[in-house]
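Participant: Note that the protein sequences, when read in sequence, are chains A and B. Its first residue numbered 1, the first sequence is counted upward by one per residue in this note's numbering. Its first residue numbered 1001, the second sequence is counted upward by one per residue in this note's numbering.
Because the hints were derived from the structure by calculation, they are not lab data. Beta carbons: idealized from backbone N, C-alpha and C, even for Gly. Keep in mind that the hints are not guaranteed to be accurate.
[Said to hold, decoys possible] Listed below are several chain B residues computed to face chain A (Cβ distance under 7 Å; list not exhaustive):
#	residue
1	R1167
2	S1176
3	G1188
4	G1191
5	D1193
6	P1304
7	R1306
8	V1307
9	V1315
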Amino acid sequence: MSAANATAGSPPLTVDALRCEGLTKAFQGVHAVNGAAFEVPEGKITALIGPNGAGKTTVVNILSGAMSSDSGRVFLGDTEITNWPAYKIARQGLLRTFQLSRELGGLTVLENLLAAPAVQAGDSLVNVLFRPGLVRRQERENAERALELLEVYRLYRHRDTRARELSGGQKKLLEIARAVMASPKLLLLDEPMAGVNPALIEVIGEYILDLKRSGVTVMMIEHNLGIVEKICDHVVVLAEGRTLATGSMSELRSNTAVVSAYLGEVINAGAAH
Amino acid sequence: MLYYVFTLVFFLFDYFILAMGLNIQYGATGILNFAYIGFVAVGAYMTGVAGMPSNITGQHYILGLGLPFPLNTLFGGLSAMAMAVIVALITLRRLRTDYLAIVLISLSLVLYDFCNNFVPLFNGADGLYNVPAPLTKALGLNVNSFIVVFACVTGVVALILWFVMARVTNAPLGRSLRAIRDDSTVAGALGKDVFRMQLKSMLIGSFYAGIGGGLLIQFGGSFNPTAWLPGETFVVFAVLIVGGAGNNIGMFVGALLVETLLIHLPAFLPEIPGHPGLIEYIDSALVGIVLMVMLWTRPQGIVPERVRRAVTFGVPDRPEIDARELGSAEVLGAPVAAATEGAK
């Protein structure tokens, strides 16, 4: 457990699915991440919150391998994955979604899911040419599972639609379904509720809870503190690229540093509305 | 007449092969390979020097292995693949989209100048000539019957390569390539080794370029730098865009319209009185006009990339779910946990 967590006074949770220490990342001298350190407990839903510019997305980019850190270390379970390429990290079971939905637009909705399993027999030219039976069999199994997921995520009707033609909310669902199709151990969701209608926020929240129930560890960046309070077990607050505090949402509400850096801002913004 | 028709048939099938190679690189993977004609040239030259004996007087070239058809052609295809490995290692790891395209076109120019000026390699600006016409001795062919037979052989090779390409592009490999084309960051985040996949695409496409080049030099009996001016790459791109990027059948249609009807057919038309040679030069303008019209009115090409429907994966269609999703109230209670059970 980190020092930040200890200072917040929360009890130890469980085994850590992910741990990062002293992460830094600067862009032309500006420190987007400046010593972030926290743990993501296994089997729980962790929220990563903080004001705009706190470095949340940069941290997720570093954790998922989309960006390399200048210093610091990242552990997925017991394996150090610091600055591994994204594809290797994904193959270790760490999947992510993006702040702005990034569907594979030219592929159908079903194909988006079928593209998700990292290692497929049909990705090998030798298998494609000389073991077509094996490729076909695995493809059918994957298609069956993908269609089940599409049914769950209410996208079955759109299975043959090119993903670029979906609505914004449907694209959010597609991204989550695609990540689930990849059988993640740990799922990083970058603002999964951003830009979706209130009814869909509830639905996505339920999906995330179901992922937790099926054993997937989730870490999500989220500004909607109502949903964070409702579904998240653990919260990490980032400010100016550093970990300000960790703990449960109720604990953080009484943390003056957190209130002055972020919660006060959010509460004031809410009052203004 | 037979000579004209089968010459057109040869170019149709040869450009079908070339377009399929570019299609997997650009149409499927999104690699803007502006050096494509360079790979065709490597295939042509290497096929030539693999098939020619070592002692033809008046020409300077490497190897001279005297390999028979189709081994010489295969050698040309593999040589183009070898060049693709070098080019990919230099470019693909660090460069994307427009930067990659600029570097590739520069590489093509370097290769062109090198082959044009370094005589010991492929006989410099004169190029290779008197390249043995395959199958003539074995089948007792004369000049005209060779054209007929070799056009048919090229057709058979094109059909085999189309079958292989269809299998590749319809497989998960093809889907992974299209995922990289659509968003390489997402593909990487899903565990796809983007560089390795792009390398595969480059290798397959370059093999097709090499085979197409190899057939070209054997059909004409010669090959020199005027045959592969860097602008020739854009003719293959025109075939691809007119036919429909991402669709192998579209490549056949594109080859028929652009290469056969627009570029080669006018060369066989009678001269316009008072304007000798005009018809031969009008083809480039025609290709340009058709390309602009296509990009303006039908950018997806005549035969667009096909939608791969769920039923093609061998799973039963379940219209009852379609009906249920139309009534949104019921789906709000969908059994999420059941399907996500296998997630971990």
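Participant: Give a verdict on every hint.
Facilitator: Evaluation of the provided hints:
Given the 7 Å rule on beta carbons, the hint for R1167 (chain B) holds: about 6 Å separates it from the nearest Cβ of chain A. Hint on S1176 (chain B) holds. Least Cβ distance to chain A is approximately 6 Å, under the 7 Å limit. Hint status for G1188 (chain B) relative to chain A: holds, with the closest Cβ pair at about 4 Å, below 7 Å. Of the supplied interface hints, the one on G1191 (chain B) holds, with its beta-carbon coming within about 3 Å of a beta-carbon of chain A, less than 7 Å.
Checking D1193 (chain B) against chain A by beta carbon gives a least distance of about 5 Å; that is within 7 Å, so the hint holds. The criterion of a C-beta within 7 Å of any C-beta in chain A is not met by P1304 (chain B), whose closest approach is roughly 11 Å, and the hint is violated. The restraint placing R1306 (chain B) at the interface with chain A is violated, with a minimum CB-CB distance near 10 Å, outside the 7 Å limit. Because the beta carbon of V1307 (chain B) sits about 6 Å from the nearest beta carbon in chain A, less than 7 Å, this interface hint is met.
A distance limit of 7 Å between C-beta atoms decides the matter here; for V1315 (chain B) the minimum to chain A is near 5 Å, and the interface restraint holds.
Hints 6 and 7 from the earlier list are contradicted by this structure; the remaining hints agree with it.
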